[in-house]
Structure formats: C-alpha cells, structure tokens
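The whole structure should be built from the sequences, with the hints applied where relevant.
Protein chains: 2
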Amino acid sequence: MADQLSAALSYLKQNQSRFLDDLKDFVSIPSISTDPNAKADMLRAAEWVADQLSRLGCQNVQILPTAGHPVVYGEILAAGAGKPTILVYGHYDVQPAEPLELWNSPPFEPTQRGENLYARGASDMKGQVVITLKAVEALMRNGGLPVNVKFMIEGEEEIGSPNLERFIADHKDLLASDFALNPDTGMIGAQVPTITYGLRGMAYFELRVSGPEQDLHSGLYGGAVHNPAQALCELIAGMHDADGRVTLPGFYDSVRPLSAEERAEMALLPMDDAFYLEQTGVPALYGEAGYTSNERVGARPTLEINGLLSGFTGEGVKTVLPARAMAKISTRLVPDQNPEQVHQQLRQYLETHAPPTVRWELIKLAGGSPSVTDIHMPGVKALYRALKDTWGVRPLYRREGGSVPVTAQMCQLLGIDSVLTGFGLPDDNLHAPNEKLHLPTFYRGIEALTRFFSLMGEG
Amino acid sequence: MADQLSAALSYLKQNQSRFLDDLKDFVSIPSISTDPNAKADMLRAAEWVADQLSRLGCQNVQILPTAGHPVVYGEILAAGAGKPTILVYGHYDVQPAEPLELWNSPPFEPTQRGENLYARGASDMKGQVVITLKAVEALMRNGGLPVNVKFMIEGEEEIGSPNLERFIADHKDLLASDFALNPDTGMIGAQVPTITYGLRGMAYFELRVSGPEQDLHSGLYGGAVHNPAQALCELIAGMHDADGRVTLPGFYDSVRPLSAEERAEMALLPMDDAFYLEQTGVPALYGEAGYTSNERVGARPTLEINGLLSGFTGEGVKTVLPARAMAKISTRLVPDQNPEQVHQQLRQYLETHAPPTVRWELIKLAGGSPSVTDIHMPGVKALYRALKDTWGVRPLYRREGGSVPVTAQMCQLLGIDSVLTGFGLPDDNLHAPNEKLHLPTFYRGIEALTRFFSLMGEG
Numbered sequence: 062m063a064d065q066l067s068a069a070l071s072y073l074k075q076n077q078s079r080f081l082d083d084l085k086d087f088v089s090i091p092s093i094s095t096d097p098n099a100k101a102d103m104l105r106a107a108e109w110v111a112d113q114l115s116r117l118g119c120q121n122v123q124i125l126p127t128a129g130h131p132v133v134y135g136e137i138l139a140a141g142a143g144k145p146t147i148l149v150y151g152h153y154d155v156q157p158a159e160p161l162e163l164w165n166s167p168p169f170e171p172t173q174r175g176e177n178l179y180a181r182g183a184s185d186m187k188g189q190v191v192i193t194l195k196a197v198e199a200l201m202r203n204g205g206l207p208v209n210v211k212f213m214i215e216g217e218e219e220i221g222s223p224n225l226e227r228f229i230a231d232h233k234d235l236l237a238s239d240f241a242l243n244p245d246t247g248m249i250g251a252q253v254p255t256i257t258y259g260l261r262g263m264a265y266f267e268l269r270v271s272g273p274e275q276d277l278h279s280g281l282y283g284g285a286v287h288n289p290a291q292a293l294c295e296l297i298a299g300m301h302d303a304d305g306r307v308t309l310p311g312f313y314d315s316v317r318p319l320s321a322e323e324r325a326e327m328a329l330l331p332m333d334d335a336f337y338l339e340q341t342g343v344p345a346l347y348g349e350a351g352y353t354s355n356e357r358v359g360a361r362p363t364l365e366i367n368g369l370l371s372g373f374t375g376e377g378v379k380t381v382l383p384a385r386a387m388a389k390i391s392t393r394l395v396p397d398q399n400p401e402q403v404h405q406q407l408r409q410y411l412e413t414h415a416p417p418t419v420r421w422e423l424i425k426l427a428g429g430s431p432s433v434t435d436i437h438m439p440g441v442k443a444l445y446r447a448l449k450d451t452w453g454v455r456p457l458y459r460r461e462g463g464s465v466p467v468t469a470q471m472c473q474l475l476g477i478d479s480v481l482t483g484f485g486l487p488d489d490n491l492h493a494p495n496e497k498l499h500l501p502t503f504y505r506g507i508e509a510l511t512r513f514f515s516l517m518g519e520g
Numbered sequence: 062m063a064d065q066l067s068a069a070l071s072y073l074k075q076n077q078s079r080f081l082d083d084l085k086d087f088v089s090i091p092s093i094s095t096d097p098n099a100k101a102d103m104l105r106a107a108e109w110v111a112d113q114l115s116r117l118g119c120q121n122v123q124i125l126p127t128a129g130h131p132v133v134y135g136e137i138l139a140a141g142a143g144k145p146t147i148l149v150y151g152h153y154d155v156q157p158a159e160p161l162e163l164w165n166s167p168p169f170e171p172t173q174r175g176e177n178l179y180a181r182g183a184s185d186m187k188g189q190v191v192i193t194l195k196a197v198e199a200l201m202r203n204g205g206l207p208v209n210v211k212f213m214i215e216g217e218e219e220i221g222s223p224n225l226e227r228f229i230a231d232h233k234d235l236l237a238s239d240f241a242l243n244p245d246t247g248m249i250g251a252q253v254p255t256i257t258y259g260l261r262g263m264a265y266f267e268l269r270v271s272g273p274e275q276d277l278h279s280g281l282y283g284g285a286v287h288n289p290a291q292a293l294c295e296l297i298a299g300m301h302d303a304d305g306r307v308t309l310p311g312f313y314d315s316v317r318p319l320s321a322e323e324r325a326e327m328a329l330l331p332m333d334d335a336f337y338l339e340q341t342g343v344p345a346l347y348g349e350a351g352y353t354s355n356e357r358v359g360a361r362p363t364l365e366i367n368g369l370l371s372g373f374t375g376e377g378v379k380t381v382l383p384a385r386a387m388a389k390i391s392t393r394l395v396p397d398q399n400p401e402q403v404h405q406q407l408r409q410y411l412e413t414h415a416p417p418t419v420r421w422e423l424i425k426l427a428g429g430s431p432s433v434t435d436i437h438m439p440g441v442k443a444l445y446r447a448l449k450d451t452w453g454v455r456p457l458y459r460r461e462g463g464s465v466p467v468t469a470q471m472c473q474l475l476g477i478d479s480v481l482t483g484f485g486l487p488d489d490n491l492h493a494p495n496e497k498l499h500l501p502t503f504y505r506g507i508e509a510l511t512r513f514f515s516l517m518g519e520g
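Chains A and B, in that order, are what the protein sequence lines are.
For the first sequence, this note's numbering begins at 62 and goes up steadily by one.
For the second sequence, this note's numbering begins at 62 and goes up steadily by one.
Worth double-checking, as some hints may not be accurate.
In the BS3-like style, the derived pairs of lysine-lysine whose C-alpha atoms are separated by at most 30 Å in a straight line are [said to hold, decoys possible]: (1) A:Lys379 / B:Lys144; (2) A:Lys379 / B:Lys425; (3) A:Lys74 / A:Lys449; (4) B:Lys100 / A:Lys425; (5) B:Lys144 / B:Lys449; (6) A:Lys100 / A:Lys85; (7) A:Lys379 / B:Lys379; (8) A:Lys379 / A:Lys144; (9) B:Lys379 / A:Lys100.
So the derived label-pair ranges between C-beta atoms look like this [what the hints assert, rightly or not]: (10) A:Thr413 / B:Glu339: 24 to 32 Å; (11) B:Tyr313 / A:Asp397: 47 to 55 Å; (12) A:Asp333 / B:Glu376: 35 to 43 Å; (13) A:Ala128 / B:Pro487: 53 to 61 Å.
It should be emphasised that the hints constitute simulated quantities derived from the structure, not laboratory data.
Think of the CB as a built atom: it goes at the ideal place given N, C-alpha and C, for glycine as much as any other residue.
As structure tokens, then:
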C-alpha cells in the first residue's frame, strides 16, 4: 500500500499541468443552472464529467434525467464487498457571473494570475470535482482503487437542488454506500485543513400582520387602531429575550448540547471575536449568552429577520397608516431540531402573543433538517490523517452555520453520514465576481484525497 | 340687519341654478397642481377666481406670483375699521383624477346624478370656495357686506402648499385680519353641522439602523451579529408602553389637557367605537388608555409607523442577514407640543435605547405645528349660530386628527386663529374616483355662511 501511495503521489507531481488543463476545460463551460438559455451548456458540462468518469475507468457511467438538469453517475466497485463504498457528491453547475463588468477577466475564460486561477466555478465547485476525479485517477493508474466509489454529480445545486431528493429516493439501490464524501465545503485558510462535521438546518417563514381593511390616513385614524407595522415589530421584538435566546416555546428542548470535546475543538478555530468583527463590520458582536461566536453560528439555533416590508418606503413623506406589514423570518436549526416542530413553535408563540387588535397569517416557505457527523467514524478519521499528512498540521473540526440539504437527505433516504471537506478558501469570491481557486491548495487537495482513498482501502 | 338677511336669503333661493352653473364652470377646469402640463389650466382657474372676485365687487384683485402656482387675492373693506376683518382661505387646485377608468363620468365634465354633482374638486374644495363667494355675493347684492373680507385662494394645497408660508410672510400687511375662515374641513354628516377647532401637528422621521457593512449570509453569520431588522423592531416596540402611551422622554409634558367642556363636546360626536370599527375593519380598537377613540385621534398625540423596509421582500426565500433596516415614523402632535422638541425626544430615546451592536441615523423629514382655536371667540360663536339657524340643530365641535399647516402658519405669522368649517361629507370621495358634492348641503352651506357674515357684521 505504501508503495502504491508513493507511486500515486509521484504521478500527481508529474501530471499537474494536465490536471490544470482539464480544470480549465471544465470551467470554460458556462453551465449556469438558473439560466434557461444554458441548457446546451449544462448538457456539455454533464457530458464532460461523464467522459472523465469513463476515462478513469468507471463502470455504468450514465447521465440520468431528472425533472430538471441531469445527474451524472459512475462507479468503480472493483475493490469488492470487503472494502467500504464511498458515495462522492459533487455538482457541475455554477452561479451566474453577473455583474460582468466587475470581472478582471471573462468569467468563462479561465485566467491564471499569480497562484490563482480565475473563473466562475473554479472554487465552487468544479475545482473540487476535478480534485476528486484526479485523486481517484492517480490510484487507478497506479495499481487500482483500493476502495469502492460511486459518483453522483448533480446539476442543480446552485438553484437549491429541487429535484435531488426525488432522484435519491428513486435510486436508493444504485446509490447504496457506507458513507458520503462531500467536498463542497471549504477550508478556514490555506494552511488550515478543515473537516466540517455539522450543518445547520433551516425553517423559513413569512409572517403577515394586518389590521385595517385598507391603508388609512394616519392623521384621521392614528391613535385609534393598532398600527400593523408596530404590532409586527412588537411580535418580532418578543422573539428574543435579553440574553439573546429565542423565546419560541420549546425551541431549545431538542437541541443536542455541545460536548466538552466539541467545545474544545471549536475553541481551536482561528475565528475569534476580532475575526467576526472584521468580517462583518458591526460595531459590536451579539448573540446567545454563554456561547462563543463560533458556537453561536455553528452549533446553536438562531432566528433571523431576513426582510421587512410595510406601508410607504419611498423617498420623503407619506402619512399612511399601513393596512399590513410583512416579515421574512428564518430559523437555523441544529440536531435534533426539526423544521416542522419549529413551525409549530412559532405558530404557538404567535397564538400566545399576537394581540386581538390585529390579524396574522404564518406561511412556511422552506425547511431542511440539520445534520451532524460523528467525528469518530472511520471516514472522518481517514480524512483527518490524510489532511494532516498532506499539510503537516492537524486539521480543525468545525460545524458550519449554513445548510446543505443534500447531507440531511442522504442521511434520511440512504441512511449514511457525510464526510464534509473541500479546498476552497474564504477569499475565493464564491457567487461573486472574480471567483478564483488557489492552485497550490488545489494540488494539495488532490494529494489529500489520494491519501484519503488509500487510507480507506487499508481499513 | 334682519331685513338685509331675509333679502339675501331670498336672493339665494332665486339664484340657485346660476350658482350651480358657476360651480360647474369652475370644476370643468382641470387645475391639477401636481401636473407639470397643467400650468395653463392652473392659470385659467386662478383667473376664474379673480374674475368672480371682481364681479362680487372686490377691490385690489390680484393674481400674485409665488415660486410655484400663484395666489389669488381680493378684498372688500367697505365695512370700515369698526367692523372685523376676516381672511377667507381657499384653494383652486385639485388632486389628480387617476385612475380614470373608475370614474362613472369624466372627472372634468361635471355630471349631476340624484342630489350629487360628480367632478374632481366638487367637494375639495372648489365647491367650498363657491359657497363662500356666493354668500358674500348675496350680501353685496342686498345692501353690502357688513364686515371686511380678504380672500387668499392658493393653488398648491394638494401638493403641500410649498410656497404658502413664504407668501404669507411676504404679505403680512396685505393679509392682516382679525381671524381666518377656512372652509376646507368637512361635516360629520349631512344633518350634522360641524365646527373643527383643533388640528394636530406633525413631525415625520426616517430611522435607519445598520449593522454589517454589507448583507451577510444568515447561515454563516446568523447568531453572532445583531440583525438590524430585529434591532429596529426592538426599538420600535419600545416606543409604546403596555397602556398604548408613547415612551419618548417628555413626550406628554407640554400636552394641553382636555378640559371637561371639551370632553363633554367630544362625547356628543356620533363617532363611537362601532363607527371606528366599521370604518377601519380592524378586529379590535387600540389606543392610549383613559381616552375615547375620538379623543385619541383628535386631542392626543400619537406615534405611527408609516413604513418598514429591510432585506429581502420578494416572493419566496432568500437567506440574507440584512445590512440595514429603515422605518418611516411620524408623530401627530397636539398643543403645545413642538415638532423640533419631539425630534429631540426621539433622538434622546434612541441614544438611551439603541444597543451598541448597531448604528443608527435619524432624519427629520417634515414638521408642522398643532393648532387649536378658542371655541369662545366671536367668530366661532357666530359660526355656531349660523349653522344652528340653517340646519335647525346645534353644531358639534370636533378636533381633527389630520394636519392643516396653513392654520399654524397663519397663527405664527399673522397672529390670527382660524375658524374651520366646510360642507363636504365623509362619503364625498375626496382624492378618489367619483368625487362628488351633495347639492342640498351646498345650498345650505351658502345660507350658513351668508348668516355667518351677517352675524359678524352685527357684533
């Protein structure tokens, strides 16, 4: 095994420029999933992935249809039943590139400047897909892959994966695996290899408060009726207490407490208060009493106001007493909270606190479950060692505040946990102009995943 | 005098159809002050008024320029220094007529249906201007006007009278009078003659709360920073206490308490809780504890949220943690509150209550002083008797919740109070399609003001 790995690592060194050429090919395709005019390019990108899988030596390579853009599948199962099967997740679609005038080079003409390659999708996540493909290639070309791998590369991640849950449910046998590898998260810094082991879920609502049947003159009626904008503000203000805790009844009941080990790990992360102050520009931080900012963002549930709208919002003055007011309200959830339970908790809060002077309506717009991976599972341990051997420093564990619905879907439908990693950096300009990939980190990423697959084959 | 009055009242009866023809002439002119293409029509309307004044026998009739639309002036001072001088206020401009498709007859083609004349401006306030002109005419044609009158008919009321304060300040001597008669308020019902003796002032603000330098991902930062929309809601929620009282420091300090007489008069108004519930459609009323709805609207100061805007307000879901949030906040003021004092009180509230986790900015957008007229002054007493003699029932006194800045401006610049009345009805569709004037009330209005001028001449 050690011989195979050193041969594979030599192979990586010799093939760097070809890997980069392949990446440039891939990011040249404007596979913008939200663009209705990009269907041909979406198919080109899917075919590019399928072609790479075939060249690797994948079997059963297919471009499988969904109600939207297709999913590319391929498998290498030669290691046999005695070895673990890893489901590799990725996506071949990218965000739109607008505003185009802010790009220093055209978004779909990959351009190298210094140590970076600039292109839409270079980091999110075509670069990560190529890293995975090349790690598998390195082992395939040097004795064969010592584990079983299935690839599931979708084309709708940037539009919220509307058809993926159905796809997974319809292909449970095809996708059956021991765990998933999802390289769609990132690193804290180029010298800080990172393992993400938790993601928050979400429940998103629209709250509508109404009073008068139509807008009133604030002079003629102001004082005699409860202003719906005021009533909405009063309801929202009551959703947090003085300690920054969410007051929905039972909100924290099913929150899994942070273990001492997790808190110790999170304390190692180089994101202290100064980091959050600098990143956000706020005059002072805020949050749930008793927790650090990292814990608040990654491991504690929150309630945010995403939007407010009522009455007159233009320039100048209009003395309207608005008939209605609206808020977009979302909660980020952690294990073992459940979006529908939180929906009922918010409803109960409103039933208790909404005054009889207004009417209200609550609409649930979206929901997704939180997830957390056991950091003691073999896949995480192998990834830890692979990252450590590559970077020469121990990786850090973190829980991310965002939501990656596919993780919870795989857990619910396939019964598998996800090992989350990735080699994007915080300054990669994801979803923004001048997206880039740090090439030294790209090559280290290939090395790390080569080591990971090799280690998994030993286990 | 009794002979002159009965002759004048006979004259009114004989000339009703001509009065109606004159009103139809006047409302046929589309004098929409906000329409930049209506300048010629605005001038036509001003000339129409000037022509009427000249035919009445006014002296010194002038169309006086302002930075915007001109003011029409005319005077009848033959009664001499021993008699009071009354400054009659009016406006010859009207609101736009849109949406045109909702009118049952063209807005500038006056159309009689049943007892009503339909046209833009019929009630607000060309009809009221004609009422005043014809009352003066009836006395002029039957022995002469027994009081002195000055007319000031402006052309910018519907756009907020932006040049009137300057005009008054520049023409103090010309406008010097004992009190003003402003027939731009209305009646509670066709059988309920009404004297308005108080108007609320206003102070209007925009409050901007900001936190992060730009919109953040609510997953990646939610929980670690104070959401500006939440902070704004918390600040707004604190502006009222559980008794519906405004919590700005010192807000009520200079509020003149309601006298027992005023409260008794207000209790006579036919606007009870059922009226406000029906008019507004709210599920339950709200307001400052210890006061009736009429008192809350007319005689107590209030604070209203006129608009809210923050973050994402479109269809569906966007998980943004907004960088800023904005509210339009207005206060309605009563004597002896002062808009600038209230501005400072709101600023002080924010300095005390805004948390260190956000930044805020307060912009004062508009302000106007409240006003109240002594109901024992001779002009009010004469109007009371004139209305009573015309309708056969005693008039009701009310304070209106809205603001008429000219009233406070005349008080401050000319040192005169305003006697406020008018003969529009609540269902006249002011500022709306199918504006109309109730013709029996129109003729009674002319009779009432004829009696009023006659009584003032006796005093």
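Against the structure, the hints come out as follows:
1. Under the criterion of a C-alpha separation no larger than 30 Å, the hint pairing Lys379 (chain A) with Lys144 (chain B) is inconsistent with the structure, at around 42 Å.
2. For the suggested pair Lys379 (chain A) and Lys425 (chain B), the alpha carbons sit about 13 Å apart, so the restraint of at most 30 Å is met.
3. Simply put, Lys74 (chain A) and Lys449 (chain A) have alpha-carbon atoms about 19 Å apart, close enough for the 30 Å limit, and the pair holds.
4. Distance hint between Lys100 (chain B) and Lys425 (chain A) is unfulfilled; the C-alpha atoms sit about 52 Å from each other, more than 30 Å.
5. Using a Cα cut-off of 30 Å, the hinted pair Lys144 (chain B) and Lys449 (chain B) holds, with the two alpha carbons roughly 23 Å apart.
6. Restraint check: the Cα-Cα separation between Lys100 (chain A) and Lys85 (chain A) comes to about 20 Å, which is no more than 30 Å; the hinted pair holds.
7. For the given pair, Lys379 (chain A) sits about 29 Å from Lys379 (chain B) by alpha-carbon distance, which is consistent with the 30 Å threshold.
8. Proposed proximity of Lys379 (chain A) and Lys144 (chain A) is contradicted: the alpha carbons are some 71 Å apart, above 30 Å.
9. Of the pairs offered as hints, the one joining Lys379 (chain B) and Lys100 (chain A) holds, with about 25 Å between alpha carbons and a cut-off of 30 Å not exceeded.
10. About 29 Å separates the C-beta atoms of Thr413 (chain A) and Glu339 (chain B), a value consistent with the hinted range of 24 to 32 Å.
11. Checking the proposed 47 to 55 Å range against Tyr313 (chain B) and Asp397 (chain A) shows it holds: the Cβ atoms sit about 51 Å from each other.
12. Roughly 39 Å separates the CB atoms of Asp333 (chain A) and Glu376 (chain B), a value that falls within the hinted 35 to 43 Å.
13. A hinted range of 53 to 61 Å for the beta carbons of Ala128 (chain A) and Pro487 (chain B) is consistent with their spacing of about 56 Å.
This entry does not satisfy hints 1, 4 and 8, going by the numbered hints stated previously.
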